[in-house]
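Work out the full structure, taking the sequences as your base and the hints as a guide.
If you read the sequences in order, they're chains A and B.
In terms of the numbering used here, the first sequence opens at residue 408 and continues consecutively.
In terms of the numbering used here, the second sequence opens at residue 12 and continues consecutively.
Estimated spans, in silico, between C-beta atoms of each pair:
hint : chain 1 : residue 1 : chain 2 : residue 2 : range
1    : B       : Met-12    : A       : Gly-536   : 26 to 34 Å
2    : B       : Pro-123   : A       : Gln-410   : 34 to 42 Å
3    : A       : His-568   : B       : Gln-193   : 21 to 29 Å
4    : A       : Arg-559   : B       : Ser-59    : 39 to 47 Å
5    : B       : Glu-262   : A       : Ile-591   : 47 to 55 Å
6    : B       : Arg-363   : A       : Arg-522   : 50 to 58 Å
7    : B       : Ala-248   : A       : Ala-572   : 43 to 51 Å
8    : B       : Thr-165   : A       : Arg-567   : 38 to 46 Å
9    : B       : His-381   : A       : Tyr-516   : 29 to 37 Å
10   : A       : Gln-410   : B       : Lys-240   : 53 to 61 Å
11   : B       : Glu-99    : A       : Arg-455   : 36 to 44 Å
Rather than coming from a laboratory, the hints here were simulated on the basis of the structure.
Built from N, CA and C at the ideal position, the CB exists for glycine as well.
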Amino acid sequence: MRQDIIEIRWHGRGGQGAITAAKIVANAAFKSGYNGVVMAPTFGTERRGAPVYTSLKIAREKIYDLSPIATPDMVVVLDHTLLEEVDVTHGLKEGGQIILNTPKSIDSYDFGAHRLSVADVTAYALEAGLAPGIVNTGVIGAFAKATGLVSRELLREAIRHEFSAMKPEENARAAALTYDRTVIGGA
Amino acid sequence: MHVIESGNVAAATGVKLARVQVIAAYPITPQTPLTEKLSEFVESDELSAEYIPVESEHSAMAVCIASSTTGARSFTATSANGLLYMNEQLHWAAGARLPIVMCVANRGVGAPWTVWNDHQDTVSQRDLGWIQLYCSDHQQIHDTVLKAFKLAETVSIPVMVCYDGYLLSHTYMPFDVPEQAQVDAFLPPFKPTHFLNPEEPRNFNTVTLPDVRPDLHGNTAPGYMEIRKTLHSDLRAALTEIEKIDGEFGEAFGRGGDPFVEPYRCEDADYVAFCMGSLSYQLRDVVDAMREEGTKIGVIGLKVYRPFPDAAVRDALTAHKGVIVFEKALSYGNQGALYADVKSALYSAETRPFVHNYIVGLGGREIKTHHLYDALTESIKNEAAIGDEPQWVGLKL
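Listed below in structure tokens is the structure:
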């Protein structure tokens with residue numbers, strides 16, 4: 408009902424860190440002046456490897472409705488193989504953004520009126536010194552670049568904070584590398 | 012300092028700042044991350060407490076009863092069937108007047124098996140003699156935990172802090188965490204007037220005869236009925252204490268101010284939606300939308316369910332044309348328990364609004380904002396025709 412809420416849906420696989428990614432963005436957004444931040448994971452029965460999603464809502468004012476997102480403004484996809492299993496564009500608003508981790512080029516996809524941004528996050532994260540398959544910090548670099556919702560600096564700070572005991576520099580580098588190399592398409 | 016964490020972590024952070032001394036808990040969805048966080052705090056020495064892992068919820072409450080009897084600040088947490096497995100010990104804790112604090116991440120009760128949210132677990136436990144407080148967001152969870160310890164220790168009655176499973180327990184949002192020194196000033200160490208002490212032997216909760224009798228010193232000792240009457244009177248008197256502690260909390264932390272009911276846009280409202288927990292916040296968006304269309308409507312969240320603040324409820328509701336009670340629980344074979352309580356509170360009012368009962372979100376059925384909008388619209392339109400039967404929202408039959 409409220410029109411001032413930015414709704415972002417995160418698609419990943421159980422154990423891939425979509426919740427942590429959304430939480431980092433939530434922290435960075437809160438620090439940027441978005442006082443209303445609500446992140447709601449899929450409730451109940453997550454399994455490692457199975458498709459999962461997380462809802463992140465962001466607004467300038469406090470958010471009272473905790474129900475899952477039905478019509479996102481943006482979707483972030485942590486694993487391009489999910490496209491074969493899940494309709495990630497379900498409910499996506501017209502002209503809505505898709506941020507996709509994929510090794511393929513942006514021309515390999517056609518999402519109609521939606522705006523696509525791609526980055527080979529898996530490769531850049533490896534290059535940054537993370538273990539194979541750690542993509543959640545990289546993908547938020549792509550998210551920040553594509554959406555402009557949070558700055559590169561705040562993101563770096565939020566990542567260092569969240570991963571203070573777990574390769575903070577490598578995680579921050581993965582986000583920075585991805586930020587710089589994300590390819591943003593038109594509608 | 013603001014943090015963005017889950018509701019379970021908001022609860023755990025409050026428990027840590029309360030410098031709890033004994034924690035006994037058994038994990039159950041959706042409470043589990045709360046007890047995991049507390050065990051991390053104890054393991055890392057951030058919290059100097061005895062963490063006692065137990066094999067069941069019944070034992071968790073038994074341990075809390077024992078530790079609280081020795082004068083230790085004691086805490087546990089559970090959900091749904093775990094809460095019900097404690098039942099006998101819950102009655103005992105209240106009768107023994109032990110200031111235990113327990114968080115309940117509200118969840119539906121099996122069968123059929125469900126892990127998702129409703130309020131049947133705690134609402135079915137309303138007659139224990141415990142105080143029951145309900146929260147609408149993470150800040151309230153955190154703050155209510157701190158207030159609960161102070162309240163429990165002031166009135167010698169155990170307190171349940173109830174918050175919606177998943178919707179609050181697993182959702183992340185910002186909340187402010189105060190400094191330890193601020194909390195210490197608000198909540199000093201627990202100093203019970205009497206406790207289990209080998210240096211000074213006492214009997215606790217011995218068999219009580221139906222009638223009064225002289226004690227060792229020749230004084231008349233109360234019988235069972237006198238002791239239970241005292242529990243009831245003290246619960247009623249606890250309403251005053253709840254208000255006082257809310258005021259003290261407000262002075263110390265700058266938050267609070269609505270100890271019993273939390274109204275939103277009710278001043279000139281013809282109609283008021285009434286409920287407990289996070290649903291009252293979700294209804295704010297519906298109220299805003301209906302207000303834009305010209306319907307004068309507001310919403311009230313009830314924060315204290317037992318003792319029932321009937322005077323505050325009556326004052327808040329009597330001036331309106333209609334009250335629509337939304338509930339995530341049912342007294343099966345009758346009506347929503349909250350609905351019955353609201354009607355009872357209004358019985359002595361000079362003017363009485365119509366009162367309707369809507370059942371929502373059982374077993375985690377998603378409560379869609381447009382369902383709430385439809386229910387309120389229907390209630391207002393069909394006032395007389397709806398009657399006393401509970402209406403079911405979002406039912407797919």
